[in-house]
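Enquirer: One-letter residues, chain by chain:
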Amino acid sequence: MLWRVLRRVYAHPSYWALSAAVSGLTLSLMVLLPNMAVLSAVLFSPAVSALSKVAFVGALYGSLVTNFTIVSAVSVVLISGLFGINAALLGYFIKRARGAGKVRATRATTLSGMVAAVLGVGCAACGSAVLVVVLKLIGIAWIISYLPLHGAEFGLIGVGLLLLTTRSLARKISDPLVCPL
Amino acid sequence: MHMNPEPSNITHAAQPIWRDLLIPASIVLAGACVGLGLYFSSPMQPSVATAPVPEAPADTTQLVNAVTEADHIKGSLDSEIVIVEFSDYDCVFCGRFHNTMNEIVATNDDVAWVYRHSPIAQLHPQARAVAVASECVAELAGNDAFWSFTDGYFAAREDGNDTPHGELIPQLALAAGVEQAPFSECFASGRTDTLVQEDIDNARATGGQGTPWSILIGPSGKTYPINGALPIAAIEQLIQIAKDEA
Chain U
13 MLWRVLRRVY AHPSYWALSA AVSGLTLSLM VLLPNMAVLS AVLFSPAVSA LSKVAFVGAL
73 YGSLVTNFTI VSAVSVVLIS GLFGINAALL GYFIKRARGA GKVRATRATT LSGMVAAVLG
133 VGCAACGSAV LVVVLKLIGI AWIISYLPLH GAEFGLIGVG LLLLTTRSLA RKISDPLVCP
193 L
Chain W
408 MHMNPEPSNI THAAQPIWRD LLIPASIVLA GACVGLGLYF SSPMQPSVAT APVPEAPADT
468 TQLVNAVTEA DHIKGSLDSE IVIVEFSDYD CVFCGRFHNT MNEIVATNDD VAWVYRHSPI
528 AQLHPQARAV AVASECVAEL AGNDAFWSFT DGYFAAREDG NDTPHGELIP QLALAAGVEQ
588 APFSECFASG RTDTLVQEDI DNARATGGQG TPWSILIGPS GKTYPINGAL PIAAIEQLIQ
648 IAKDEA
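Residue numbers (the working numbering), protein chains in the order written: chain U, 13 to 193; chain W, 408 to 653.
Source of the hints: derived by calculation from the structure; they are not laboratory data. All residues carry an ideal CB built from backbone N, CA and C; glycine is no exception. A hint or two may mislead.
Here are the simulated distance ranges between beta carbons [what the hints assert, rightly or not]: (1) Asp517/W <-> Leu14/U: 53 to 59 Å; (2) Gln578/W <-> Leu37/U: 47 to 53 Å; (3) Ser26/U <-> Asp485/W: 56 to 62 Å; (4) Leu44/U <-> Ala473/W: 46 to 52 Å; (5) Leu484/W <-> Leu37/U: 39 to 45 Å; (6) Val69/U <-> Asp608/W: 29 to 35 Å; (7) Asp466/W <-> Trp15/U: 19 to 25 Å; (8) Met48/U <-> Ala563/W: 31 to 37 Å; (9) Ile82/U <-> Gly584/W: 34 to 40 Å; (10) Met48/U <-> Gln469/W: 17 to 23 Å; (11) Ser26/U <-> Asp517/W: 46 to 52 Å; (12) Ala473/W <-> Leu37/U: 37 to 43 Å.
Let the hints inform the model, and build the full structure from the sequences given.
Expert: Dropping the structure here:
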């Protein structure tokens, strides 16, 4: 079912573009956010040439290799890809429902889905920054020393949940838009 | 005649509201999990400050303690670019960044590297002892001996050497040219712990939330924060940018 839905959605080039854009944005946020302070200082400096700015941003992407464990780097890539797929499936679902004149019916899903997706991306990308404060307050950083992957488990759980989300979206798409008896 | 069915009659709309919220809720939950994963597995893990932090200026990196001859420096004190690194001996990302910085100072005559301590006790309970030992090595045998000890420690751990701290520390101290008796006396006294604590306090004051945490100081005195183990290409670029901005 999932494969059939993916083939149907990705038959349209626009969904490839949507997926690529969302995946790229997600990956960029997750990789670049830890160094947003220096990044913004460089990007907004009139003394730095455009070429240097581009080169610096490009070089920062290398931190995916140096600044993450293997497990977390794989998680970041998988999450980015899955967010892209989710965005395409959601976009396809909304468009199809609207095309069928079911605007009101899909309103809740559309709005809450899109807002939640943005929140989800935000959580994924800046979670580390936010949680630093939270975990400092509740003082549970020591917990990770007892976890076999030192906390990377949470990233893997996130991948699993996104796979479930993808499956749920595919199921919604494969459901016919019909009136019940 | 109104042919369009009411929204509530459509299959999707007829589903309970919680089913509509299932997908977005999953996304949020997934995002939170990823955030937790990144937070826990990234080098910028918390130093878990327990003391209240005084109100600081917007650019906290300007609060970095001045670099003096008392620091552990590779390169010249008069270098155009100075990179102050706050590090933890048992942090794997610090090991990676240590290699990067060794390469940077080896290939850039106008860059100096200052090593300061920021052991994270909650994650690496032995790291502070290594830092205290390294200061004893510096006190007894000087800057070169400090770097010999520090380079040796990171190299040993990178090579998978899992010798217990209690054995590896004196081995490396001896290899750095420090005699056993004065080293043991210094280490047992704990007198160099004050230096380690000063570094930890300054790391936090400058905005460090974990390790490696570094501050690049440009020729004009402008500071650039470096979170984590950035690749060498990014550091090279930042050095050039700091020079261009001077």
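Enquirer: Quick check: which numbered hints come out false for this structure?
Expert: 4 and 7
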